[in-house]
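Colleague: Listed here are the chains, written in short residue letters.
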Amino acid sequence: MIARLAAAAAVLAALVTTAVFPDISVSAAGAASGCVKDTKIGFCVVPTAYKVEFGRDSIGGYQWHAYSFVDLGTTTITVADGTTRSVNHYRFSRLVVDQNALIQQTRSDYQMRIGAPGPIELGGANNAGTSMWTDVWASGLEFRWGLCLFTWSWVPDDLSLNISGCWLRLDAYAITAYNPQPQPGQRDNPVYLPGATLSLLGGT
Amino acid sequence: MNGTRWGRSALLGVPSLLVVFLLSLGLRTGLLASSVVIQSGTADLATSGLYGIDFGLSVVDATQKVKQADGTVVLKNIRLVRAGFAEGKLNELCIAVHQKIAGLDFTLKLTGGDGNMATWEVDARNVELDGQLVAGTLTLDGVVKFGITGEDVTTIKNPDGTYVDNPLDATPSQHRFGADATFAEFTKVTGKVYAMEIVGPFTLPGLKVKLESGNTTCPAPPAPTGPPS
Chain W
1 MIARLAAAAA
11 VLAALVTTAV
21 FPDISVSAAG
31 AASGCVKDTK
41 IGFCVVPTAY
51 KVEFGRDSIG
61 GYQWHAYSFV
71 DLGTTTITVA
81 DGTTRSVNHY
91 RFSRLVVDQN
101 ALIQQTRSDY
111 QMRIGAPGPI
121 ELGGANNAGT
131 SMWTDVWASG
141 LEFRWGLCLF
151 TWSWVPDDLS
161 LNISGCWLRL
171 DAYAITAYNP
181 QPQPGQRDNP
191 VYLPGATLSL
201 LGGT
Chain V
1001 MNGTRWGRSA
1011 LLGVPSLLVV
1021 FLLSLGLRTG
1031 LLASSVVIQS
1041 GTADLATSGL
1051 YGIDFGLSVV
1061 DATQKVKQAD
1071 GTVVLKNIRL
1081 VRAGFAEGKL
1091 NELCIAVHQK
1101 IAGLDFTLKL
1111 TGGDGNMATW
1121 EVDARNVELD
1131 GQLVAGTLTL
1141 DGVVKFGITG
1151 EDVTTIKNPD
1161 GTYVDNPLDA
1171 TPSQHRFGAD
1181 ATFAEFTKVT
1191 GKVYAMEIVG
1201 PFTLPGLKVK
1211 LESGNTTCPA
1221 PPAPTGPPS
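Residue numbers (this note's numbering), protein chains in the order written: chain W, 1 to 204; chain V, 1001 to 1229.
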């Protein structure tokens, strides 16, 4: 009982101490962002590409499906530090991934992972019946299809493909998903990741 | 950032220390009238739902106090994921912090909510969470961006309606990974958080703060049965 009271007293002491002495060493939010926005994409893009993976080689069978998958062509983007990257601009509509979706950025100072076991959706149709889509600016496209026998690294420019694949990988700089008629509280979302895990490794 | 920042980063990792700062000391009647800051080494967070408008996420720097074997304390730079909402709603909330005091294990537990999974009963503004591991179902709506740098993410607004620059305090020169969405909804959320800060007006019905013997945990959060309204 004495130990319990001591614990409660210690906690209360901590409350009072911190309440009385707010820390002023934390820099105030509002520090100038100072990054270079890409004019086409509309925001500051990370200079270090992150891996995007749909499906997994070891699972087998078709694991992702796109009502429309189109390469809008090669383009040069400006990343946040002002340097440029040559990438392809891909657009997916109604993309469903049955198993394993991963976004992973690996740098010397951390590894950030957003993973979901699937099924997930990127894009689709909202409650108003309007199609949503996902744009990806990336390099290093690889995907396996055709009974999981063929690995491809390109799709024809400006040709919309209704396609299913076994796995797909690319090195992305920017992804945007867009719902033209979002409604607060509705669940017709362009990005739906059930059972997702967000983790940061190597940061300590 | 509106309001005072109560040392979120500098206090990360204070050994065995939980700070539940009830700014207005509004614990009476189970309602908090103003702001809450929760800081600790790490805390277990569980909520059935967290929904917000103007959501942002970024990898950020933080400073952790680490106690050495000789008793001295050194500051260590670490990376965390910081998530922020300009306006948020919560459906039930449980935070548990494990303490060892005088050689005995205790759990300080904060719980709140109306017990009804169909209602999103907690309104809060300017919510920020720092953590390294969060699990749950994530939905993002409106304009969704992945790969935006942390310093370019937007959440809260200035009085003149413009977005506050770099609201998550990302280090601008690092250009680290961020995400941004008009709306975000997390359900069945569990995670280890380093800090939780709610700056704006905040009400938490059914608020309870308990000190329990031993290492206890928050129950697994059930899924909400209704959308946020």
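If you're looking for bench data, these hints aren't it; they were derived computationally from the structure. Hints should not be assumed to be uniformly reliable.
To be verified - Only part of the chain V face toward chain W is listed, based on derived beta-carbon distances under 8 angstroms:
| hint | residue |
| --- | --- |
| 1 | T1072 |
| 2 | R1079 |
| 3 | T1203 |
Unchecked claim - Computed footprint of chain W on chain V, listed as stretches where at least three residues anywhere in the stretch have a Cβ under 8 angstroms from a Cβ of chain W:
| hint | region |
| --- | --- |
| 4 | 1042-1051 |
| 5 | 1147-1159 |
| 6 | 1165-1178 |
| 7 | 1214-1223 |
Cβ atoms here follow ideal geometry from the backbone N, Cα and C, with glycine treated the same way.
Colleague: Next, verify each hint and record whether it holds.
Modeller: Here's how the hints hold up against the structure:
With a least beta-carbon distance of about 19 angstroms to chain W, the hint placing T1072(V) at the interface is violated under the 8 angstroms criterion. For R1079(V), the interface hint holds, the least distance from its beta-carbon to any beta-carbon of chain W being 3 angstroms, beneath 8 angstroms. For T1203(V), the interface hint is violated, since its Cβ never comes within 8 angstroms of a Cβ in chain W; the closest pair sits about 19 angstroms apart. Counting residues of the region 1042-1051 of chain V whose C-beta lies closer than 8 angstroms to any C-beta of chain W gives 1; at least three are required, and the coverage claim is violated.
Counting residues of the region 1147-1159 of chain V whose C-beta sits closer than 8 angstroms to any C-beta of chain W gives 5, which meets the bar of three, so the coverage hint holds. Under a criterion of three residues with beta carbons nearer than 8 angstroms to beta carbons of chain W, the stated coverage of the region 1165-1178 of chain V is upheld, 12 such residues being counted. For the region 1214-1223 of chain V, the stated coverage by chain W is violated: 0 residues have a C-beta nearer than 8 angstroms to a C-beta of that chain, whereas at least 3 were required.
The structure does not agree with the numbered hints 1, 3, 4 and 7 stated previously, though it agrees with the rest.
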